[in-house]
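Novice: Heads up: the protein sequence lines correspond to chains A and B, in order. For what it's worth, the working numbering labels the leading residue of the first sequence as 1, then goes sequentially. For what it's worth, the working numbering labels the leading residue of the second sequence as 1, then goes sequentially.
Quick caveat, the hints were computed from the structure, so don't treat them as lab data. It is possible that some hints are incorrect.
Unchecked claim - Pulled a few chain B residues facing chain A out of the computed Cβ check, cut under 7 Å: (1) E3; (2) E13; (3) T51; (4) I55; (5) G57; (6) M58; (7) V92.
As the list claims (entries may be wrong) - A few chain A residues that don't get close to chain B, going by computed Cβ distances all over 10 Å: (8) S9; (9) E36; (10) L40; (11) A70; (12) A72; (13) T83; (14) E91; (15) K104; (16) N109; (17) N121.
Unchecked claim - Okay, the calculated beta carbon distance ranges per label pair: (18) B:G173 to A:P42: 33 to 39 Å; (19) B:D91 to A:D71: 54 to 60 Å; (20) A:D71 to B:E116: 52 to 58 Å; (21) A:S65 to B:P39: 24 to 30 Å; (22) A:A23 to B:R170: 30 to 36 Å; (23) B:A12 to A:R116: 26 to 32 Å; (24) B:D91 to A:A95: 41 to 47 Å; (25) B:P111 to A:E110: 32 to 38 Å; (26) A:N120 to B:A160: 32 to 38 Å; (27) B:G173 to A:N120: 39 to 45 Å; (28) A:D71 to B:E34: 34 to 40 Å; (29) B:E19 to A:A72: 36 to 42 Å.
Every residue, glycine too, gets a C-beta built ideally from N, C-alpha and C.
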Amino acid sequence: MKILVVEDSSAMRAFVRASLEEAEHAEVFEASNGFEALRLLPRGQYDVVIVDINMPDVNGLELLSFMRSADAHRDTPVVLISTESSAKDRERGLALGANTFLQKPFGVNELVEALRFALNNRATQGNGEDAAR
Amino acid sequence: MSEGDAREEFLAEAQEIIEGLSRDLLLLDQADKEGRDDPDLINEVFRGVHTLKGIAGMFGYHQLGAVTHALEDLLDDLRLGRVSLTQNVLDVLFEGVENFQRLLTEDPDGPPVDLEAYAAAIDLVQAPAPLARETLEDYARKIGRPANSLYNTLVRLRTALRHCIQARLRQEGGAA
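Excised from the complex, chain B in its bound form (with noise of 0.2 Å):
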């Protein structure tokens, strides 16, 4: 087996993940419209995305890996119960899904992927939930703390870290 038959390999691998990822996602879509929690159907999603990293990594495709990990991120969060499933998360899953296929792809014609714009998608949609925030709250109590000043001290770490991952895309969207 030649190095290029290893690639061929893996496009058709990544495609069917991605295919596998778009009828997962609307039947996810379906089940959430209807009321209905599916935890089986979110934990295959969270393995498509996860096994699409590893490959993608292997194979050179960086921007790919980066919005896998991105998106695994959001899905560990989703699995644990730390963000809520709700239309703007599908969105923003549904987008993913969207992103690998153009990156996959890299088709001239399309339309360019913003990688900066979407890791703000993700971190718009994975903000602290009411019940971190009130954990906080009882932790400032406990410590004598005023709350905001704690919250405001996550909001500015986290918003360092997503200027180190926008850092990062923009060098990777640079280096490719």
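In isolation and in its complexed conformation, chain A is listed as follows (with noise of 0.2 Å):
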């Protein structure tokens, strides 16, 4: 399983990549910022998306709405991650078409929990209808 991290700060994409590469053997790839996971999106068809809402300059769900708005990423499961519980921001990122919503801080279970129903749950995506657990 290929899996693309974007998150700025190095701590949580590492966190990320320890987690996943143990508990699912997936192959991690990082993107510090939006503008990097725009490059690197083109060049790998990746299984999972996990996006963290607030980074600087391209935000995550700019991104996501990016993704969604281009053919080659419309169906990739994303999971949204933020530090904060507004209930804005995880409606905002459901009505984009996120799969699901990961909350700071969260263990390894509950990442491979999200992980496991965003890859479950493609089909409600992009429609606005609540895709959350």
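Mind docking these for me? Both chains are given alone in their own frames, and the hints should help you get the complex.
Specialist: What follows is the structure in structure tokens.
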């Protein structure tokens, strides 16, 4: 499984990488911001993209919006992560077509659960339906 | 990458953020002494504290997470103009960064971090601004209630909230 993690914190990226390499034997790729993700996306067929909402310049919601408007990434499962507990971010993200939402801090089990949920719920994305657990 | 590698990455990033915060606070102090406002710098400090809060929670540094959370609220008040930047506020911010450093390195020979006293210090500089009091008085007049009674209700609520935070800090301190 190929996973792209888009997150400006190197510690967060390292946590996700270590967790998913260990728990899912996944091949994890990293982007430290939205621009880098835009460069990496066309180069690989990622099974899941994990995106932090709060990033400078191109934020997670903008990146998600771009992905859903591009044919190549319209159906790629996306897990949104954020420190905020705001219902507004969650609603906007889900309306934009995120497959699930994960709030920091989270552990390995929650991460894996979110990943599997996103993979199993591709069909509901992009139509505004609540794909959250 | 192993869990140990990720932890090392956390320690390096947290240290980098703390050093950035120290630098930014010195610049903020200098700007304040020269009578200049620097909202961009306040935003930068907010962002650093916000990131530190996020990663501290992920790596089990709960006390560090609690202090960053309290300071983030103060910085949010500063950003939104609910609290003005004064020397007292700057002192609280500098003390916060010192606490971050101690909580990160957990130096057994260093002085212990008095989280309760620090929470009280934050609370002190977050007291209602004169503008808030004035608005409250306007509202009290409108509804025909004594302003002091409304004001006291707010203060009681804040005190109760502070007690909750202190109890939580004590709980987390005991669990660490």
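Novice: Now tell me, hint by hint, if it's right for this structure.
Specialist: Here's how the hints hold up against the structure:
With 7 Å as the threshold, the beta carbon of E3 (chain B) comes within range of chain A, its nearest partner Cβ sitting at about 5 Å, so the hint holds. Hint status for E13 (chain B): holds, given a least beta-carbon distance of 4 Å to chain A, under 7 Å. The interface hint given for T51 (chain B) holds, since its Cβ lies 6 Å from the closest Cβ of chain A, which is under the 7 Å cut-off. Taking 7 Å as the C-beta contact cut-off toward chain A, the hint placing I55 (chain B) at the interface holds, the least distance being around 5 Å.
Satisfaction of the interface hint for G57 (chain B) is found here, the shortest Cβ-Cβ separation to chain A being roughly 3 Å, below the 7 Å cut-off. Hint on M58 (chain B) holds. Least Cβ distance to chain A is approximately 5 Å, under the 7 Å limit. Against a cut-off of 7 Å between C-beta atoms, the interface hint on V92 (chain B) is violated, since the closest Cβ of chain A lies about 22 Å away. Consistency note on S9 (chain A): stated as away from chain B, yet its beta-carbon is not over 10 Å from all of that chain's, at 6 Å minimum.
Remark: the non-interface label on E36 (chain A) is consistent with the geometry, its nearest Cβ contact in chain B lying 17 Å away (cut-off 10 Å). At roughly 18 Å from the closest C-beta of chain B, the C-beta of L40 (chain A) stays outside 10 Å, upholding its exclusion from the interface. At roughly 28 Å, the least C-beta separation between A70 (chain A) and chain B is larger than 10 Å, which holds for a residue marked as non-interface. A72 (chain A), annotated as away from the interface, keeps every beta carbon of chain B farther than 10 Å; the closest lies near 28 Å.
With a minimum CB-CB distance of about 4 Å to chain B, T83 (chain A) fails to clear the 10 Å threshold, and the non-interface call is violated. No beta-carbon of chain B is positioned within 10 Å of the beta-carbon of E91 (chain A); the least distance is around 21 Å. For K104 (chain A), the condition that its CB be more than 10 Å from all CB atoms of chain B is violated, with the nearest at approximately 5 Å. Its beta-carbon lying about 13 Å from the closest one in chain B, N109 (chain A) satisfies the requirement of being farther than 10 Å from that chain.
Look at N121 (chain A): its CB is around 24 Å from the nearest CB on chain B, clear of 10 Å, so calling it non-interface holds up. As the Cβ distance of G173 (chain B) to P42 (chain A) is approximately 49 Å, the hint placing it in 33 to 39 Å is violated. Between D91 (chain B) and D71 (chain A), the C-beta spacing of about 56 Å keeps the proposed range 54 to 60 Å intact. Separated by about 57 Å at the C-beta atoms, D71 (chain A) and E116 (chain B) satisfy the suggested range of 52 to 58 Å.
For the hinted restraint 24 to 30 Å between S65 (chain A) and P39 (chain B), the CB-CB distance of approximately 28 Å keeps it satisfied. In this structure, A23 (chain A) and R170 (chain B) meet the distance hint of 30 to 36 Å, their C-beta atoms being roughly 35 Å apart. For the pair A12 (chain B) and R116 (chain A), the supplied restraint of 26 to 32 Å holds, since their beta-carbon distance comes to about 31 Å. The hint said 41 to 47 Å for the Cβ distance between D91 (chain B) and A95 (chain A), and at roughly 44 Å that hint holds.
Between P111 (chain B) and E110 (chain A), the C-beta spacing of about 36 Å keeps the proposed range 32 to 38 Å intact. Judged by the Cβ atoms, the range 32 to 38 Å given for N120 (chain A) and A160 (chain B) is violated: they are separated by roughly 44 Å. A hinted range of 39 to 45 Å for the beta carbons of G173 (chain B) and N120 (chain A) is consistent with their spacing of about 41 Å. A hinted range of 34 to 40 Å is violated for the C-beta pair D71 (chain A) and E34 (chain B), which are about 54 Å apart.
The hinted window of 36 to 42 Å between E19 (chain B) and A72 (chain A) holds, with their beta carbons roughly 41 Å apart.
Consistency with the previously given hints fails for numbers 7, 8, 13, 15, 18, 26, 28, ordered from lowest to highest.
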